[in-house]
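Read off the chains here:
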Amino acid sequence: MQPYQEEYVRNLKEIADLRRFYRDGEPDFERWYQNRRECAARIRTLSRENNELLGRELFPALDGLFGADSALIADLEEFSDALMDWKTNLDIGVYVAIHDALLSLYRIRKSRNDIIRELYKLGMGLYYLRTFLTGVDDEESDALRIRNGMFFTEAASYLRYFEEIDDEATRGYIIRAFANIALCLKDYKSRINASSRTLRILRDEHYRELAPGLPWQAFLRATHQQMSTNRAGLSRGNLTTAELSEVLDSCHEVFKPEEQADNPSIRWLWPYYEMEYNCGYVNLKTTLDRMEELIAATKYDQYDMSGLYGNVQLAIYYGRFMRDNPSLREEEKRVRFLEFSYRKMLETMMTCPPELFNNYFVYTIASLISGFYEMEGGLSYREVMELLMQRYAGELYIRSRRTGEMMRVISAAVFDANPRFFDEIPQIGEISNPEIKREALLAYACDCGLFCDFGLLKMNFERTMQSRSLFENEYQMSCLHTVSGYDDLSRRASTATFADIALGHHAYYSGAGGYPKKYVRNTSPYRQMTDIAAVVSFLCDEWEKSPARDVSAMLPKETGRFSPVILSFVQDAGVSGQLLNILSGDDRPYYRTIHQKLFSLGNA
Amino acid sequence: MGKEYAVRRPDGAILYSSAGFDVSAVTDTALLSDGNELLICGTDSLAEENRDLLAQLEEAKAANIAKETFLSNMSHDIRTPMNAIIGMAALAKNHIDEKNRVIDALGKIETASGHLLSLINDVLDMSRINSGRMQIANESFLLSDLLHDTMTILRPQIAAKHHSYQLITQEITRERLIGDVLKLRQIYVNIINNSVKYTNDGGNITITVSEEIRGDRCLLIFVCEDNGIGMSREFLERIFDPFERVNSSTISKIEGTGLGMSIVKKMVDAMSGTIDVESELGEFTRIRIAIPLRYETEPLVIDALRDHRLLIIETDEKQKALFEEYLREALVSVTIVPDAPKAIDAITEASFRGEEKFRALILGKSHDGEGSVFQIASYFHSANPELPIILASDDNWEEIEYQANRSGIHTFIPLPFFRKSLLNSINHAVLGESDEDRSPYPQLAGKKILLVEDNMINREIAGELLSVTNAQVITAENGQEAVERYLSEEEGSLSLILMDIQMPVMDGYEAASKIRGSGRSDAGTIPIFAMTANTFAEDIAKAKAAGMNGHIGKPIDMNLLMQTLRLIET
Numbered sequence: 002m003q004p005y006q007e008e009y010v011r012n013l014k015e016i017a018d019l020r021r022f023y024r025d026g027e028p029d030f031e032r033w034y035q036n037r038r039e040c041a042a043r044i045r046t047l048s049r050e051n052n053e054l055l056g057r058e059l060f061p062a063l064d065g066l067f068g069a070d071s072a073l074i075a076d077l078e079e080f081s082d083a084l085m086d087w088k089t090n091l092d093i094g095v096y097v098a099i100h101d102a103l104l105s106l107y108r109i110r111k112s113r114n115d116i117i118r119e120l121y122k123l124g125m126g127l128y129y130l131r132t133f134l135t136g137v138d139d140e141e142s143d144a145l146r147i148r149n150g151m152f153f154t155e156a157a158s159y160l161r162y163f164e165e166i167d168d169e170a171t172r173g174y175i176i177r178a179f180a181n182i183a184l185c186l187k188d189y190k191s192r193i194n195a196s197s198r199t200l201r202i203l204r205d206e207h208y209r210e211l212a213p214g215l216p217w218q219a220f221l222r223a224t225h226q227q228m229s230t231n232r233a234g235l236s237r238g239n240l241t242t243a244e245l246s247e248v249l250d251s252c253h254e255v256f257k258p259e260e261q262a263d264n265p266s267i268r269w270l271w272p273y274y275e276m277e278y279n280c281g282y283v284n285l286k287t288t289l290d291r292m293e294e295l296i297a298a299t300k301y302d303q304y305d306m307s308g309l310y311g312n313v314q315l316a317i318y319y320g321r322f323m324r325d326n327p328s329l330r331e332e333e334k335r336v337r338f339l340e341f342s343y344r345k346m347l348e349t350m351m352t353c354p355p356e357l358f359n360n361y362f363v364y365t366i367a368s369l370i371s372g373f374y375e376m377e378g379g380l381s382y383r384e385v386m387e388l389l390m391q392r393y394a395g396e397l398y399i400r401s402r403r404t405g406e407m408m409r410v411i412s413a414a415v416f417d418a419n420p421r422f423f424d425e426i427p428q429i430g431e432i433s434n435p436e437i438k439r440e441a442l443l444a445y446a447c448d449c450g451l452f453c454d455f456g457l458l459k460m461n462f463e464r465t466m467q468s469r470s471l472f473e474n475e476y477q478m479s480c481l482h483t484v485s486g487y488d489d490l491s492r493r494a495s496t497a498t499f500a501d502i503a504l505g506h507h508a509y510y511s512g513a514g515g516y517p518k519k520y521v522r523n524t525s526p527y528r529q530m531t532d533i534a535a536v537v538s539f540l541c542d543e544w545e546k547s548p549a550r551d552v553s554a555m556l557p558k559e560t561g562r563f564s565p566v567i568l569s570f571v572q573d574a575g576v577s578g579q580l581l582n583i584l585s586g587d588d589r590p591y592y593r594t595i596h597q598k599l600f601s602l603g604n605a
Numbered sequence: 079m080g081k082e083y084a085v086r087r088p089d090g091a092i093l094y095s096s097a098g099f100d101v102s103a104v105t106d107t108a109l110l111s112d113g114n115e116l117l118i119c120g121t122d123s124l125a126e127e128n129r130d131l132l133a134q135l136e137e138a139k140a141a142n143i144a145k146e147t148f149l150s151n152m153s154h155d156i157r158t159p160m161n162a163i164i165g166m167a168a169l170a171k172n173h174i175d176e177k178n179r180v181i182d183a184l185g186k187i188e189t190a191s192g193h194l195l196s197l198i199n200d201v202l203d204m205s206r207i208n209s210g211r212m213q214i215a216n217e218s219f220l221l222s223d224l225l226h227d228t229m230t231i232l233r234p235q236i237a238a239k240h241h242s243y244q245l246i247t248q249e250i251t252r253e254r255l256i257g258d259v260l261k262l263r264q265i266y267v268n269i270i271n272n273s274v275k276y277t278n279d280g281g282n283i284t285i286t287v288s289e290e291i292r293g294d295r296c297l298l299i300f301v302c303e304d305n306g307i308g309m310s311r312e313f314l315e316r317i318f319d320p321f322e323r324v325n326s327s328t329i330s331k332i333e334g335t336g337l338g339m340s341i342v343k344k345m346v347d348a349m350s351g352t353i354d355v356e357s358e359l360g361e362f363t364r365i366r367i368a369i370p371l372r373y374e375t376e377p378l379v380i381d382a383l384r385d386h387r388l389l390i391i392e393t394d395e396k397q398k399a400l401f402e403e404y405l406r407e408a409l410v411s412v413t414i415v416p417d418a419p420k421a422i423d424a425i426t427e428a429s430f431r432g433e434e435k436f437r438a439l440i441l442g443k444s445h446d447g448e449g450s451v452f453q454i455a456s457y458f459h460s461a462n463p464e465l466p467i468i469l470a471s472d473d474n475w476e477e478i479e480y481q482a483n484r485s486g487i488h489t490f491i492p493l494p495f496f497r498k499s500l501l502n503s504i505n506h507a508v509l510g511e512s513d514e515d516r517s518p519y520p521q522l523a524g525k526k527i528l529l530v531e532d533n534m535i536n537r538e539i540a541g542e543l544l545s546v547t548n549a550q551v552i553t554a555e556n557g558q559e560a561v562e563r564y565l566s567e568e569e570g571s572l573s574l575i576l577m578d579i580q581m582p583v584m585d586g587y588e589a590a591s592k593i594r595g596s597g598r599s600d601a602g603t604i605p606i607f608a609m610t611a612n613t614f615a616e617d618i619a620k621a622k623a624a625g626m627n628g629h630i631g632k633p634i635d636m637n638l639l640m641q642t643l644r645l646i647e648t
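Going line by line, the protein sequences match chains F and Z. Its first residue numbered 2, the first sequence is counted upward by one per residue in our numbering. Its first residue numbered 79, the second sequence is counted upward by one per residue in our numbering.
The reader is advised that the hints may include incorrect statements.
Covered stretches of chain Z, going by a simulated chain F footprint (3 or more residues, C-beta under 8 Å) [unchecked claim]: (1) 177-191; (2) 415-422; (3) 609-616; (4) 621-634.
Reference excerpt, derived from the structure (chain Z facing chain F, CB under 7 Å, subset only) [to be verified]: (5) Thr426; (6) Phe430; (7) Glu448; (8) Tyr457; (9) Asn533; (10) Ile535; (11) Ile539.
Hints are computed from structural coordinates only; laboratory data are not their basis. For glycine and all other residues, C-beta sits at the position ideal for the given N, C-alpha and C.
Next comes chain F alone, as it looks inside the complex:
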């Protein structure tokens, strides 16, 4: 690697360490606060350095790639490998940028084996990039998935020339690309068929003999694992006998040895039980009893993959059973167990030591955000999500609290001028007492601010944003936080009233710009609050870029972006003064909340 590449990798590792450190337990608030500030300052310095390194070295290298020599290309390859492995994925964005450029180069050079390798690597890069969009079901996430699949498909299309491609490594890329097509398919049947085709190839001696050096057994096991992830499809009733037997066969291959082991890992044991339930071998009661046993047997402070699986994933699955089977909600024992498993899950999530945060942990958080089942009288989604934000996205939490405070100030000014202004918001409009209405409105405004960027929590762009500036494609992906936040918030009673604000706070008032297209202002009863969130969100962004002395200086000159009514209040001297105070004010109170919360949950 070249010196700048080594420095970049070093910086990323230091940022990862700092991010862990500043979440670490320190009972004294002032010391904890100072540590966080110092870490944050160091991260900002490193991030600036990273931007400079990429701008000064990498981008010119990619600019001149058509004339690059083999040493420079080899360095780029090595650099990209250092940026991505399945555990840490230091920088997927730069990995994708490098391989995208290399693919263009090799297409121009018509260098077949290089094209196959780059198709595979770019496919992998996009696959990992897509993990930022876990649980985001949208036209744009679909487009990325399909593009991802096309890269694997093109590399895999060389399989029929396996004999004629005289390079074992390239043959390996073809096989792996073939298997990975299944990663980019949406429905069970297509995935089963894709994995089934792969298994046939992997079992075919003809291919094995042609490339004896490839890790065929590992490929086989990985593909069985891939196939076994379709076990939920077993209960759908639309699989053919052949498809059913393929999935069962793979489940057997992957889980049976574990099930028979002395100390089976819960990660393999539960899928086996699940498969038995989905096939109808065992009934729901037995399945839930087994599940309860597994959850109860996992200690809350077991933070390895098995522990996270037992404490978090299984609790989510348990909640899903409760959601899908209304009769279970009548069984007091099950209801109590759900509450117990959710509280235990929360304990695990809130006390997990920072050094154990890895990709699987990030995936676990995303699963929790998507899969949490909110039952009346039980833990609320709102409560759990606020804790997650405090624990795993401190910067997002603090920014959201600020947003909420600012929305509160504007809402108060608007309400005082026109108490009926917010009457279309159902829970506000129905209050007749003006004082109670005002209080309810202001509390609601604060909460809207807290949840307006909620989608970012699941998308986990925070790490990338702290390591360097976002690339344009990453920025476009991050815009989906509006859709993602809306989907998750709207599905739970405790957060449904914040969903429209999360969806629409980046859309233009006039409808002529911003995002997402899905937000239709006129039909939303929450639009007045969304209008306020739009202005505040913009002001916070501008403030982070460059603080100004007055609010008007930060507002854009263009018309149509914000509600003129809200703008007139924001520009009022009294209101704008309060907004500036919040933007520039001491952030200790927010941090203190986080600190207290963490320690009240035993983080120390």
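For this one, chain F is given, so just place chain Z on it according to the hints.
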């Protein structure tokens, strides 16, 4: 001698008589429509003259009655939507702070205005027809275009009522016809629209188009059949009378003006055609329109595509059969695959085996697997930029053109297609009459592009890539030189500036700002695109802030470059 006359009541009393009237010399009588009798006396010629006058009087009276009926109907039909407009406008005003009510009122005003507009259009049509001012144009048109456009207009209404429809085109040999295409479309839209309206949700509509050749004329036969509410025998007798509408509790009264069928009939008559209606109340309606049209015999260059290979993604059996039939007749080697992965396989095979490459990829009406045609086209275009991509679709081209162009789609074939329209479109895309026609790249002959790039190899490669567009490419090696070059060119003569960002002397941001601020007449409008490997979102935003219109990744992203060039092509 002049004619004299009198009017006699049924009871025999004379109501009125002219001065010289002699009751004993009555030569002719006539019964008037009011029951009185006209008595005429005078010479034969006078009697004839009187008969003429009588006829004119009756005509005038009939016209008067028609006018009264018309006005009575019109006042009702106009007043109804006007009431809605006025009423809803008032309601909106009264509830100005209640957005939901205002939105609801505006929606109703929109609907009523639309109805009123169609009523006025119909009345104007009728007036034009009645006054003999309707002219039948004789212009050449493609039958496939007529049917495609007709269905494009109607598809949203059909979908809104969840009808299923089938467009069956029987053996068509005369594809280019001569006639009034706009009126034909108006007739077909009117007929199908009635089927859509007067068929309960989820119905079936079948449209069949066929031809009969009669010497130098082609009888174009259009049949529209539905399983809708049908019509009574009594109504069928009045179907072409103005303001007649089927009454039905399930059909909203405001849906039609009642002039449509009357206009259709008059248009068909004016084109010397025939219209036949069969219907059974509660069962079906079948309308057959046959119009004789002249036709053009287009040369079909059947050999031009001989042995060329075409790759088609299509799963619709009917479309596959048509592709196979028409293209195999032309001796084209056709490979039809059901999905994009199979198409990738086929292209890889051709490339690996060193076989003759596919000359075009046709994306058909439907395909297996995932992804929209645009996503598929975009991938194929970036992987094989030299492969023309043709879209055969029943979509409205105007609606999808931007997205299609950005995905690298080179040619559009509207559905339904016939033998000649298919072959000629493919001929044009693949072979073309000129290099420009057959190039999958945008053609920019006569346009001048300023390429600003400090790296010599990149300049050469970009120049090479741009050469396929036939544009004139001039270059600059840094921002300063770019600004000077721009200023030295005649105003308006440059069509595009492709600007590297990181350059010595002056970077791309500053150069773009200086060009935008130069005060020249084209300073604000000339497209400037950044070409940079730096894709940080904030730098892309910085490029936009400097006045650039967009960016193209580096090393040069051929797909994006061509998409950008297409913008200036159009």
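Holds or violated: is there a CB of chain F closer than 7 Å to the CB of Z:Glu448? Holds - the Cβ of Z:Glu448 comes within 7 Å of chain F, reaching about 6 Å at its closest.
Count the residues of the segment 177-191 of chain Z whose Cβ falls closer than 8 Å to any Cβ of chain F, and tell me whether that reaches three. With 3 residues close enough to chain F, the hint holds.
Hint check, Z:Thr426 versus chain F [nearest Cβ-Cβ separation less than 7 Å]: holds (4 Å)
Given coverage of the segment 609-616 of chain Z by chain F, checked by CB-CB distance under 8 Å (3 or more): holds (count 7)
Is the interface hint for Z:Ile539 satisfied, with its Cβ closer than 7 Å to some Cβ of chain F? Cβ of Z:Ile539 sits 5 Å from chain F, so the hint holds.
Closer than 8 Å, Cβ to Cβ, for at least three residues: run that test on the segment 415-422 of chain Z against chain F and report holds or violated. holds (count 3)
Holds or violated: Z:Ile535 as interface residue toward chain F, Cβ cutoff 7 Å? This interface hint holds because 4 Å falls under the 7 Å limit.
Mind checking, does the segment 621-634 of chain Z have 3 or more residues with a CB under 8 Å from chain F? holds (count 5)
Does the nearest C-beta of chain F fall within a distance shorter than 7 Å of the C-beta of Z:Phe430? Nearest chain F Cβ about 5 Å off; hint holds.
Was the hint right that Z:Tyr457 lines chain F, CB cutoff 7 Å? holds (4 Å)
Taking the closest Cβ pair, is Z:Asn533 under 7 Å from chain F? holds (5 Å)
Hint violations for this structure: none, all hints satisfied.
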